[in-house]
Amino acid sequence: MSNIQEFDCRPDSQQGAESSLHWSYQNQKPRSPGQNPGVQIREHALLGHLTLRGGAIVLDEAVRDVLGTTLPSRPHAINQNDAGTHSIQWISPDEWLVIVPGGEEFSIEAQLRKALGDAHFSIVNVSGGQTVLTLSGEKALEVLMKSTSYDVHPLAFPVGKGVTTTFGKATAIIRRPAEDHWELVIRRSFADYIYRWLLDASAEYGVTTS
Amino acid sequence: MFHIHCPYCDEYREEEEFHPRGQAHLARPATPDTTTDDEWGGYLFFRDNERGIHHELWVHSVGCRKFFNITRNTATYEIHETYKMGERPSVTAENLPDSQHQSGVQAATSGWQTVGARPESASLNQEEQV
Ligand SMILES: [Zn+2]
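First to last, the protein sequences are chains A and B.
Quick note: to get the working numbering, add 28 to the position in the first sequence (first position is 1).
Quick note: to get the working numbering, add 95 to the position in the second sequence (first position is 1).
So that you can see chain A by itself, here it is in the shape it has in the complex (with noise of 0.2 angstroms):
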């Protein structure tokens, strides 16, 4: 066990946390608009993020045993849990993004801590940092194309894929977990700009927002 001292950021409730989001929810009125909206915006708000640092072969066994799913070796793959609600992504040859339910996050760092004992490694909580907006709706990509010069062509960008790239002005996580929705992965202090970046850029869709 490494002589690392570890709190937790979010002890017993998460009474009093507020999403990177809160500011915009007071500022910009909620949209639903009639029926079939074309892009849906969605916030998973206070989800559990863990950057996780090391050698791919170091980390590999620990985030198998911890979240049950192989640590992605390949570049920009994404692995998730069989069920769905733990995943971790390549971010870069020594570094990855473990998002797990809220709550779970501190527990599963003192797992893997204790996992990978005295290796080389590093494990940085950053849940209060970002939060998780997926975008749904069949227009979905168009709003992603306005913004973005990543290639998000389905052929370009198979499910199962995550880049970190330029969003609007700022920078964003663009995630394609599953077939009928994109994940946006966004750093609190962007936040704001990029939810109203969205909703202008959906604006001629229809939006839903929730």
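Don't take each hint at face value.
Said to hold, decoys possible - No more than 27 angstroms apart at the CA atoms, straight line, and that leaves these computed lysine-lysine pairs for DSSO-like:
{"id": "1", "chain 1": "A", "residue 1": "Lys57", "chain 2": "A", "residue 2": "Lys174"}
{"id": "2", "chain 1": "A", "residue 1": "Lys189", "chain 2": "A", "residue 2": "Lys57"}
{"id": "3", "chain 1": "A", "residue 1": "Lys174", "chain 2": "B", "residue 2": "Lys179"}
{"id": "4", "chain 1": "A", "residue 1": "Lys189", "chain 2": "B", "residue 2": "Lys161"}
{"id": "5", "chain 1": "A", "residue 1": "Lys142", "chain 2": "A", "residue 2": "Lys167"}
{"id": "6", "chain 1": "B", "residue 1": "Lys161", "chain 2": "A", "residue 2": "Lys197"}
To be verified - Simulated restraints, written as ranges between beta carbons of each label pair:
{"id": "7", "chain 1": "B", "residue 1": "Pro124", "chain 2": "A", "residue 2": "Gly96", "range": "34 to 40 angstroms"}
{"id": "8", "chain 1": "A", "residue 1": "Ala105", "chain 2": "B", "residue 2": "Glu110", "range": "38 to 44 angstroms"}
{"id": "9", "chain 1": "A", "residue 1": "Pro129", "chain 2": "B", "residue 2": "Ser185", "range": "44 to 50 angstroms"}
{"id": "10", "chain 1": "A", "residue 1": "Lys57", "chain 2": "B", "residue 2": "Glu106", "range": "38 to 44 angstroms"}
{"id": "11", "chain 1": "A", "residue 1": "Phe35", "chain 2": "B", "residue 2": "Pro124", "range": "32 to 38 angstroms"}
To be verified - To give a feel for the contact side, a few chain B residues facing chain A, derived at Cβ under 8 angstroms:
{"id": "12", "residue": "Tyr103"}
{"id": "13", "residue": "Cys104"}
{"id": "14", "residue": "Asp105"}
{"id": "15", "residue": "Glu111"}
{"id": "16", "residue": "Glu112"}
{"id": "17", "residue": "Asp132"}
{"id": "18", "residue": "Val157"}
{"id": "19", "residue": "Gly158"}
{"id": "20", "residue": "Lys161"}
{"id": "21", "residue": "Arg183"}
None of these hints come from the bench; they were simulated from the model.
These figures come from a predicted structure and were not determined experimentally.
Backbone N, C-alpha and C define an ideal beta-carbon position, used for all residues, glycine too.
Fit chain B with the ligand to the given chain A structure using the hints.
Quick look at chain B with the ligand alone, frame taken from chain A:
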């Protein structure tokens, strides 16, 4: 707009995801204690200003955030290759065929980097005689 192949992400990305960080393969003097001021000065401050093949350090700052190298022609903007840190370039000014080497590059005579440098500017470039 460059379309740059990141050797770590193993795909092409837009130039706006990258930042250039100057000349590549700068070796830090191995024995700093005995290195002369001239050598330190050269290592810290003096860079090549190649017209033609140049090896550069870039960082994929918006993507994987890794540093890597690019072999680029500074006259034509052609990117010959990108390669990881610790690797050596396979394309160099020496091994590139002459025809390619010269494409778009006007060779300056008598060692001047700038084509068309006027003779009178020579005096400005000469070291001050004490
Ligand atoms: Zn990269």
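Restraint outcome when B:Arg183 is required to lie within 8 angstroms of chain A by C-beta distance = Nearest chain A Cβ about 19 angstroms off; hint violated.
Verify the proposed pairing of A:Lys189 with A:Lys57, using a straight-line Cα cut of 27 angstroms.
-> Distance of about 32 angstroms is beyond 27 angstroms: violated.
Assess, step by step, whether the Cα of A:Lys174 is no farther than 27 angstroms from the Cα of B:Lys179, and give holds or violated.
-> Not OK: A:Lys174 and B:Lys179 at ~32 angstroms, beyond 27 angstroms, violated.
Status of the hint placing B:Cys104 at chain A (closest C-beta pair under 8 angstroms) | With Cβ-Cβ at 5 angstroms, under 8 angstroms, it holds.
Status of the hint placing B:Glu112 at chain A (closest C-beta pair under 8 angstroms) = Holds: closest Cβ of chain A sits about 6 angstroms from B:Glu112, inside 8 angstroms.
Grab the minimum C-beta distance from B:Asp132 to chain A and call the hint holds if it beats 8 angstroms, violated otherwise.
-> 38 angstroms, violated
Is it true that A:Pro129 and B:Ser185 lie within 44 to 50 angstroms of each other by Cβ?
-> Once the Cβ atoms are compared, 48 angstroms apart, the range 44 to 50 angstroms for B:Ser185 and A:Pro129 holds.
B:Val157 as an interface hint toward chain A, with CB separation required under 8 angstroms | 5 angstroms, holds
Identify whether the interface hint at B:Lys161 stands, where standing means a beta carbon of chain A within less than 8 angstroms of its own.
-> At about 6 angstroms, which falls below the 8 angstroms cut-off, the nearest Cβ of chain A leaves the hint on B:Lys161 intact, so it holds.
38 to 44 angstroms as the expected CB spacing between B:Glu110 and A:Ala105, which holds or is violated | 25 angstroms, violated
Is it true that the CA of B:Lys161 sits at most 27 angstroms from the CA of A:Lys197?
-> 21 angstroms, holds
Tell me if B:Gly158 is really an interface residue toward chain A, meaning its C-beta lies closer than 8 angstroms to one of theirs.
-> 5 angstroms, holds
Going through the hint list in order, the structure does not satisfy hints 2, 3, 5, 7, 8, 11, 17, 21.
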